[in-house]
Amino acid sequence: MSLALSLPYWAETTIKTVIILAVIPASALTLGYVFLMKTMAHMQSRLGPMEPGGFHGWYQLIGDGVKFIQKEDIIPEEADRAIFALAPTVVLVSTFLLFVVIPAGPRLVVENLDTGVFFALAVSSLSVIGVLMAGWASANKYSLLGGLRAAGQLIAYELPLVLAVVGVVMQAGTMSLQGIVNFQQHGKIFGFGGIGLPLILTQFVGFLLFIAASQAELTQAPFDMPLAESELVAGYTTEYTGFRFLFFYMAETATAFALAAIAATLFLGGWSVPWVHGSAADVLGPFILGAKVMLVAFLIYWIRFTYPRFREDQLQAFAWKYLIPISLANILVTAVFKVVF
Amino acid sequence: MSSADTEEQQDQHAAANAERQQVLDELKAALGDAVVGEEVHAGDLWIRVPAGEWRQAMEACKAAGFNYFDFLSGIDWMPSAPNPEDAETLSVEPDADADEAPDAEEAAEAEAEHEAEPQPSEAGTVAAFETAAGEPDSGWKTGVAGGETRFQVFARLHSPQRKLGVTLKADLDDESPQVASIHDIFFGAEWHERETWEMYGFVFEGHPDLRHIYLPGEFEGFPLRKDFPLLAREVKPWPGLVDVEDLPAAEEARQDAAINAAQEGNGADAGEGGS
Amino acid sequence: MAVTEQQRRAYVASQAADARLNVELQTEDMTLNIGPQHPATHGTLRVVARLDGEQVVWADVVCGYMHRGYEKLTEVRTYPQITTLVNRIDWLSSFANEVPFILAAEKLMDIEAPPRAQYIRTILFELARIANITLFIGTMGADLGAITPVFYAFRDRERILNQIEAVTGGRFHPNFDRIGGLKDDLPRGWIDETKSAMVRVREFCDELEELLMGNEIFQARTRGIGVIPADVGLSYGLSGANIRASGIDWDLRRDQDLPLAWKDLDWKVWTHPDGDSFARFWVRLQETREASKMVDQMLDGLPAGSIQAKVPRIIKVPEGEAWVHTENPLGEMGYYVVSQGGLGPFRCKIRSASFNNVSVLPWVLRGTYVPDIITILASLYFILGDIDR
Numbered sequence: 019m020s021l022a023l024s025l026p027y028w029a030e031t032t033i034k035t036v037i038i039l040a041v042i043p044a045s046a047l048t049l050g051y052v053f054l055m056k057t058m059a060h061m062q063s064r065l066g067p068m069e070p071g072g073f074h075g076w077y078q079l080i081g082d083g084v085k086f087i088q089k090e091d092i093i094p095e096e097a098d099r100a101i102f103a104l105a106p107t108v109v110l111v112s113t114f115l116l117f118v119v120i121p122a123g124p125r126l127v128v129e130n131l132d133t134g135v136f137f138a139l140a141v142s143s144l145s146v147i148g149v150l151m152a153g154w155a156s157a158n159k160y161s162l163l164g165g166l167r168a169a170g171q172l173i174a175y176e177l178p179l180v181l182a183v184v185g186v187v188m189q190a191g192t193m194s195l196q197g198i199v200n201f202q203q204h205g206k207i208f209g210f211g212g213i214g215l216p217l218i219l220t221q222f223v224g225f226l227l228f229i230a231a232s233q234a235e236l237t238q239a240p241f242d243m244p245l246a247e248s249e250l251v252a253g254y255t256t257e258y259t260g261f262r263f264l265f266f267y268m269a270e271t272a273t274a275f276a277l278a279a280i281a282a283t284l285f286l287g288g289w290s291v292p293w294v295h296g297s298a299a300d301v302l303g304p305f306i307l308g309a310k311v312m313l314v315a316f317l318i319y320w321i322r323f324t325y326p327r328f329r330e331d332q333l334q335a336f337a338w339k340y341l342i343p344i345s346l347a348n349i350l351v352t353a354v355f356k357v358v359f
Numbered sequence: 013m014s015s016a017d018t019e020e021q022q023d024q025h026a027a028a029n030a031e032r033q034q035v036l037d038e039l040k041a042a043l044g045d046a047v048v049g050e051e052v053h054a055g056d057l058w059i060r061v062p063a064g065e066w067r068q069a070m071e072a073c074k075a076a077g078f079n080y081f082d083f084l085s086g087i088d089w090m091p092s093a094p095n096p097e098d099a100e101t102l103s104v105e106p107d108a109d110a111d112e113a114p115d116a117e118e119a120a121e122a123e124a125e126h127e128a129e130p131q132p133s134e135a136g137t138v139a140a141f142e143t144a145a146g147e148p149d150s151g152w153k154t155g156v157a158g159g160e161t162r163f164q165v166f167a168r169l170h171s172p173q174r175k176l177g178v179t180l181k182a183d184l185d186d187e188s189p190q191v192a193s194i195h196d197i198f199f200g201a202e203w204h205e206r207e208t209w210e211m212y213g214f215v216f217e218g219h220p221d222l223r224h225i226y227l228p229g230e231f232e233g234f235p236l237r238k239d240f241p242l243l244a245r246e247v248k249p250w251p252g253l254v255d256v257e258d259l260p261a262a263e264e265a266r267q268d269a270a271i272n273a274a275q276e277g278n279g280a281d282a283g284e285g286g287s
Numbered sequence: 026m027a028v029t030e031q032q033r034r035a036y037v038a039s040q041a042a043d044a045r046l047n048v049e050l051q052t053e054d055m056t057l058n059i060g061p062q063h064p065a066t067h068g069t070l071r072v073v074a075r076l077d078g079e080q081v082v083w084a085d086v087v088c089g090y091m092h093r094g095y096e097k098l099t100e101v102r103t104y105p106q107i108t109t110l111v112n113r114i115d116w117l118s119s120f121a122n123e124v125p126f127i128l129a130a131e132k133l134m135d136i137e138a139p140p141r142a143q144y145i146r147t148i149l150f151e152l153a154r155i156a157n158i159t160l161f162i163g164t165m166g167a168d169l170g171a172i173t174p175v176f177y178a179f180r181d182r183e184r185i186l187n188q189i190e191a192v193t194g195g196r197f198h199p200n201f202d203r204i205g206g207l208k209d210d211l212p213r214g215w216i217d218e219t220k221s222a223m224v225r226v227r228e229f230c231d232e233l234e235e236l237l238m239g240n241e242i243f244q245a246r247t248r249g250i251g252v253i254p255a256d257v258g259l260s261y262g263l264s265g266a267n268i269r270a271s272g273i274d275w276d277l278r279r280d281q282d283l284p285l286a287w288k289d290l291d292w293k294v295w296t297h298p299d300g301d302s303f304a305r306f307w308v309r310l311q312e313t314r315e316a317s318k319m320v321d322q323m324l325d326g327l328p329a330g331s332i333q334a335k336v337p338r339i340i341k342v343p344e345g346e347a348w349v350h351t352e353n354p355l356g357e358m359g360y361y362v363v364s365q366g367g368l369g370p371f372r373c374k375i376r377s378a379s380f381n382n383v384s385v386l387p388w389v390l391r392g393t394y395v396p397d398i399i400t401i402l403a404s405l406y407f408i409l410g411d412i413d414r
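Residue numbers (the numbering used here), protein chains in the order written: chain A, 19 to 359; chain B, 13 to 287; chain C, 26 to 414.
These aren't lab readings, by the way, just hints derived from the structure by calculation. Don't take every hint at face value.
What the hints assert, rightly or not - Facing chain C, a subset of chain A residues (Cβ under 7 Å, in silico):
{"no.": "1", "residue": "His60"}
{"no.": "2", "residue": "Arg125"}
{"no.": "3", "residue": "Gln238"}
{"no.": "4", "residue": "Pro240"}
{"no.": "5", "residue": "Glu247"}
{"no.": "6", "residue": "Trp320"}
Just so we're clear, the structure is a prediction, and the values are computed from it rather than from any experiment. Using N, Cα and C, we set each Cβ at its ideal position, and we do this for glycine too.
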């Protein structure tokens, strides 16, 4: 974040860290409130989440949070205590790192890395280590199965996730997220620059692939086998209680937010709309990005509430037999167009 | 329901019974002398075979199209004070030993005749269930299609094609009730045999895995045998029998009048219109 | 039967081979204990599965955690009191449990309920069926990971329960059936309310057909999973929708002569040739719709008259044995009542559907994957009280 006033390095870093640390629970709360509570309640005719606190059940989420914190912190006797305790943190760190590269305005970014896309996708898969740690350390068969499933799944879907983005990178000619946003802001559709060039128009297939793969990365239905409450009780989180479980929960929701933000950045123009420039964009950018994130997140959660879950082998088949070939074809077509035009 | 309907139904019953008679003849042809007891009535069919012929009977039934396995279970024909010791300790009616059976019978009859006569509820408790009022010499009743021993294994088979069922029974030895397993003829019998084994102690020879299914592994005794005490009843007589105590005379008359009115209001068995 | 006999032997042989292999090579299979406390068992069923990876090598079912000994208890109760017990066997369609027992007692006493009572019995029976299967349709989705259908199911089941409550006063355990008739007549305005509830049931079926059954993932998860051939099903005593999904056209409502209203109605028995989990779901969904139509017909043709035949005030059932079974939501439910002329039965064998339906599990689970265990458990559809009695 290149602030106008110059601060010493340590101060700047501290402020950035604090901001991200604040963004994670804030984003998790937002998505949790808007989608996990209200949208779900409406979609599923649930009555409970609409009751507490009067208007639209606004108190429900706070109640849930307080409940989690109040709960006893139980560590199973057979568990590997250190790893068991560390696992949620590892998952949360991966989410934390994701937020580092997401730009919310021309200057509102923690670190504008040249290889921003690469970095984001790389750190997003760090969480698999935490999940494996949780699954192994719990000393529970359901946890172990869940952890192994999660590992297999996250690795399988890493590939389509990356390949889906390649088209965007080729078209924009940069791996910097900021660069991709700029490309979309200033792009023109056959000479018409009124709406810029949101890459979803040319990379629609890529967008769908990205959403599908990020759904799997988030271990949400229809790809929620690692948690699969009807099969594995709660997968790798079976033995977690209280605030440790809350960590997993928060990490999952915040990662959903982050991946939705990356999708919005890559395909929907991120913080930019073509008629907002300069410092105005720094002020409005977060809101614009936020609106787009909500749009993508709605899609993600809508799918989550609607679909049943795949079986493990069907999930792998889906990744290797469908998503990856399609994304390769998408890259090929993009390359051809890039040369032709 | 008019009387014409009833006749029609009786015709149907007769037809169904004829069909069952035909099934019975088929099975008798297949089993030969193995059929030691039989009964066709009230739209149902019973066959009793010796324990040694149990498997053959099953196979014959299956061949005759009875390929649907309903259930398999046992009956203990021992007269049924739930627990005779209990009866003694409560010092009510004597239990149903053969020599005392007439008393029990009289008690039951007396109770049937004089329901109006007020009785202390715990005196009624055992007598009410004292249904073992057989002839003094045999003492025991053994149900449809007869029986000679205390234990009977019985199974029900059905034929979805013929839309008929048959109940098969076999007498088992009092001391060591044993019968051949039919789990390889009807797969479903495996669990039913386990259940019957744990509830009655019948041993099914050839069963691959005769272990407890409902009760915990260390459970002792065979709970559905009539001599297995129902502990709750030993501690306290069944309070629900208040149900059959007499109503105050006025209330009784009122109810009877209401029922009679409903019966006679609209022909033989249709009362005045409902809502 | 030849094929299944072979399958059976192959099963036993390979089981023995596995056991030997494990002793000799010390290959470590994992034993997964699903239940007795597990979300997919909807109660306290326990499935012990030996896994090779995620594939089931061998499975066994342990039940009895909820055994209440009803067969013993019936021997120390009077006939009218037993309906209270049998209400709690399949607790999602309690009224349907009462009917065959009462019919068995009536058969022994040789009385018959008046036509109006027969109709109301049948209506409540079918309402119980709808309430029960509606929930199945939802929980099947939930077990497959779709969380929405189960909420829709609860929402729409509520309407049915309200109707049952309006008549009987009980939502779960009506205890409404009496020997010779019923406790009460229908309340005012009930017929119209029920008709609108039936419309809603059909809408629910349409909705779920699109939301769940038409879904590709749902089909991929259920088609070809847990196939039970017809002869194996019959041999295990599978009944109800489970056996109709294997292509056996057998429905006790149609095929048995009982003093209930089904014989007067125009309806269809649905079967499916596949015998897999999808077929079982499909058949149940069609049956729910069919049941709602049956209720409509019965409401239109409800005869007037008394709801109680004349019975002695103190019910003593004459000596004899009677077997009455009906087509309950879970399958065939029957009571074999042995009377020796007392106030209560001498012996009452309760044949519940789920016990037989679940006994097929060791056969069908072998070779499936862990997620398929859940699919199969869900599609066989059991109620714990109905297994354990």
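Comparing the hints with the structure gives:
1. His60: With Cβ-Cβ at 11 Å, over 7 Å, it is violated.
2. Arg125: Violated. Min distance 42 Å.
3. Gln238: 10 Å, violated
4. Pro240: 5 Å, holds
5. Glu247: 6 Å, holds
6. Trp320: With Cβ-Cβ at 11 Å, over 7 Å, it is violated.
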